[in-house]
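K.L.:
For reference, the chains in residue letters:
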Amino acid sequence: MDPTKGVVTYGFHGMADSENVLLQSMIERISRRLPAPVARVPARDAQLVFFDDAAPRPDGITGRLVRVVRDMDAQRFSGGLRMPPHVTDLLDIFAEFVEQETYAETGCGVMKSLVRSLHDLFQAGGAPHALVDGDGAGLILYPADRQFSWSGPDDERLLPEWFQSHRLRGLDLRPWAASTNQQHRKRRGIEPVFWHMGLAHARCGLLPWVGRDDALKMRAWPYLAGQGPAGAIRLATALRARPQNVAALADAARVPEAEAVAFANAALLCGFVVPAIPTETYAERGEANTRGADPGPVDATRWPRLLGAIRSALGISA
Amino acid sequence: MSVRTLPLELIADLDNEVRGLHARVSGVIGCVLATTDGRQVSAVVDNEADPQRVSAMVGSIVALGETIGREVMIGRTQFVAVSAVGGMILLQRVPAQRDLLVVGTLARHNTNLGILLHETGITAVAAGKILDEWLGRDRQSA
Amino acid sequence: MSGELKLLFAGAMGAGKTTAIRAISEIAPITTEATNGDFTECDKEETTVAMDYGEITLPTGEKLRLYGTPGQARFGFMWPILAAGALGVVILIDNSRPDPLADLELYIDAFRALADAGAVIVGVGHMESCPRPSLEAYAERLAALDVVVPVMPADARRHSDVVGMLEILLQQIEATWAYDEVMGGVSACGLMGANS
Numbered sequence: 001m002d003p004t005k006g007v008v009t010y011g012f013h014g015m016a017d018s019e020n021v022l023l024q025s026m027i028e029r030i031s032r033r034l035p036a037p038v039a040r041v042p043a044r045d046a047q048l049v050f051f052d053d054a055a056p057r058p059d060g061i062t063g064r065l066v067r068v069v070r071d072m073d074a075q076r077f078s079g080g081l082r083m084p085p086h087v088t089d090l091l092d093i094f095a096e097f098v099e100q101e102t103y104a105e106t107g108c109g110v111m112k113s114l115v116r117s118l119h120d121l122f123q124a125g126g127a128p129h130a131l132v133d134g135d136g137a138g139l140i141l142y143p144a145d146r147q148f149s150w151s152g153p154d155d156e157r158l159l160p161e162w163f164q165s166h167r168l169r170g171l172d173l174r175p176w177a178a179s180t181n182q183q184h185r186k187r188r189g190i191e192p193v194f195w196h197m198g199l200a201h202a203r204c205g206l207l208p209w210v211g212r213d214d215a216l217k218m219r220a221w222p223y224l225a226g227q228g229p230a231g232a233i234r235l236a237t238a239l240r241a242r243p244q245n246v247a248a249l250a251d252a253a254r255v256p257e258a259e260a261v262a263f264a265n266a267a268l269l270c271g272f273v274v275p276a277i278p279t280e281t282y283a284e285r286g287e288a289n290t291r292g293a294d295p296g297p298v299d300a301t302r303w304p305r306l307l308g309a310i311r312s313a314l315g316i317s318a
Numbered sequence: 001m002s003v004r005t006l007p008l009e010l011i012a013d014l015d016n017e018v019r020g021l022h023a024r025v026s027g028v029i030g031c032v033l034a035t036t037d038g039r040q041v042s043a044v045v046d047n048e049a050d051p052q053r054v055s056a057m058v059g060s061i062v063a064l065g066e067t068i069g070r071e072v073m074i075g076r077t078q079f080v081a082v083s084a085v086g087g088m089i090l091l092q093r094v095p096a097q098r099d100l101l102v103v104g105t106l107a108r109h110n111t112n113l114g115i116l117l118h119e120t121g122i123t124a125v126a127a128g129k130i131l132d133e134w135l136g137r138d139r140q141s142a
Numbered sequence: 001m002s003g004e005l006k007l008l009f010a011g012a013m014g015a016g017k018t019t020a021i022r023a024i025s026e027i028a029p030i031t032t033e034a035t036n037g038d039f040t041e042c043d044k045e046e047t048t049v050a051m052d053y054g055e056i057t058l059p060t061g062e063k064l065r066l067y068g069t070p071g072q073a074r075f076g077f078m079w080p081i082l083a084a085g086a087l088g089v090v091i092l093i094d095n096s097r098p099d100p101l102a103d104l105e106l107y108i109d110a111f112r113a114l115a116d117a118g119a120v121i122v123g124v125g126h127m128e129s130c131p132r133p134s135l136e137a138y139a140e141r142l143a144a145l146d147v148v149v150p151v152m153p154a155d156a157r158r159h160s161d162v163v164g165m166l167e168i169l170l171q172q173i174e175a176t177w178a179y180d181e182v183m184g185g186v187s188a189c190g191l192m193g194a195n196s
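Chains as they are written, first to last, in this note's numbering: chain G, 1 to 318; chain U, 1 to 142; chain L, 1 to 196.
Derived from the structure by calculation, the hints contain no laboratory data.
Be careful, since some hints might not be right.
Covered, in the sense of this in silico footprint (three residues per stretch, anywhere, with C-beta under 8 Å from a C-beta of chain U), are these stretches of chain L [said to hold, decoys possible]:
1) 24 to 36
2) 46 to 53
3) 66 to 79
Label-pair ranges, simulated between beta-carbon atoms [as the list claims (entries may be wrong)]:
4) G/Asp154 with U/Arg76: 58 to 68 Å
5) U/Arg137 with L/Ser96: 33 to 43 Å
6) L/Ser96 with G/Asp155: 21 to 31 Å
7) L/Ile81 with G/Ser113: 54 to 64 Å
8) L/Glu105 with G/Gln227: 19 to 29 Å
9) G/Ser151 with L/Ser160: 31 to 41 Å
10) L/Ser96 with G/Ile277: 35 to 45 Å
11) G/Gly134 with L/Ser96: 39 to 49 Å
Note that the structure is a prediction, hence the values are computed from the model and not measured.
C-beta atoms are modelled at their ideal positions from N, C-alpha and C, and glycine is treated no differently.
Please work from the sequences and hints to get the whole structure.
P.N.:
In structure tokens:
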């Protein structure tokens, strides 16, 4: 939703004019049943873009894409619209969009505020705090030592759940005074907490203090990459090769940008990745190149074939 | 057996053999006795070579020589020789009940190779006898 | 250029270099083992004193040669000899040794050129029985050395672990190669010349 106007904008890409007219008229007819007013705008400016599945992937469009599929027998599917259009499908598409946008404005507000608070707390190395959820379960945080412990039974498996949207609103961060029976709890490094918080924050984009165009640089190997996202190892190896922003990183690792954002958030919060100073971007690699006097035994043009052959021999899929 | 547990009298006897070789053969400028895993046991070296490093290399090269001997199916390797512009070095295992020691003899380039081979062999056999006697005593006392 | 393809397995005595090569080599590894004379360092009966060697035939008919280094620092003279022209190095660390982080520093320093070029991976063994130092401590020690290389738990006896390390190593080599292509630089790999 356009937060300044409360209007959902939509547009069309690659579809026949007759279909555009048909869809627009249907949307206008159901507009009173939608949770927000709607307005048709050029595809480039729209928040929701209906596009022909067979058409070339649209460039320069930043809105959410809704694929149009011409199949009478097709089932309703997420992110798509069957043609000819069903009123219920259109209602669902707009309702889901508004719901997600609303979360982005409110749920993300909570998430961003929590991430900022925890980040600042650990940056300052402050006094112990408790992060408690609505059921009273909690994490004890020790910022000065960059550690945490569970207030109840240890359960690492719960960490991925901790920052999910349904728990987020109930989380409360408060100062914590150690009681005698809680002083001997097993402490561990804070990184797994930050890693999962960073992954969860991906729904709300990059961390608030990181820009989409900011180049990121790897400082230490993200040994938690095995805990997600799926392409984390590829992302780590790509970022280790050179500092780059998340969009370039996603391209280099051949993963969706959302995964690159999740990885960047998690690795930034843990300190594995830091924003690169612009002059660092290319200078450091020059040092590595000059260290070896031998340019190597293999002609560089052979690399793709050779690496493929080695992978094949080892039974590794690229 | 640990080198750190070799008794001083054993090391002294081995030292005598190493020094004897160095003294009696004209042109020999160094002799190193090392464990097969590259630790120095005894050494006399006239030039700037580091006997600790040389000991490790003697262990490696004797092992490599024996490995290549097996690989090309020419039987047990008797010695390894390195001939250089400024001299030569002969390396061989000390024949004993257990393969624990190797010996390396460094000589000037004009040294007679036959004599060097013979004398290094004598030293290796003598060191092997000393080692075997010690191993025998060690076994009896155990 | 000869075009020899080789990978190196380095690390402390008893860390599993020979075992790792045995796990993936298609030939029985050629070894140069001698009686271990120092049980204070490791209680193995035998130790590699020159190198281990294994090989894998690629679909192209070429051989990928696998070399294992002798672990003790006194055999350091062998490391640059074996590393000359290597595609990359797998450094195996044994977490049950007295000071694994010191071992890490020793081998990173020895293979620094390859580490800087993104052609090194660190596998840490015996983490289940000896969880300290943690992976976090390894990552931090590497960061302090201004080196970023992957570090992961690995059991050299497991074929899947060895292949898993090589998978990440190859990804790194590929990513660095792609970067060097863009930058018009030299090949990232095989950087360690015989004289380095």
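K.L.:
Look at each hint and say if it fits the structure.
P.N.:
Results for each hint:
1. 24 to 36: holds (count 7)
2. 46 to 53: holds (count 4)
3. 66 to 79: As far as the region 66 to 79 of chain L goes, the hint holds, because 6 residues have Cβ atoms under 8 Å from chain U.
4. G/Asp154 with U/Arg76: 58 to 68 Å: Between G/Asp154 and U/Arg76, where Cβ atoms are some 60 Å apart, the hint holds.
5. U/Arg137 with L/Ser96: 33 to 43 Å: holds, 35 Å
6. L/Ser96 with G/Asp155: 21 to 31 Å: holds, 28 Å
7. L/Ile81 with G/Ser113: 54 to 64 Å: holds, 58 Å
8. L/Glu105 with G/Gln227: 19 to 29 Å: holds, 27 Å
9. G/Ser151 with L/Ser160: 31 to 41 Å: Check passed, 37 Å falls within 31 to 41 Å.
10. L/Ser96 with G/Ile277: 35 to 45 Å: holds, 40 Å
11. G/Gly134 with L/Ser96: 39 to 49 Å: Holds, since G/Gly134 and L/Ser96 (Cβ atoms, about 44 Å apart) stay within the stated range.
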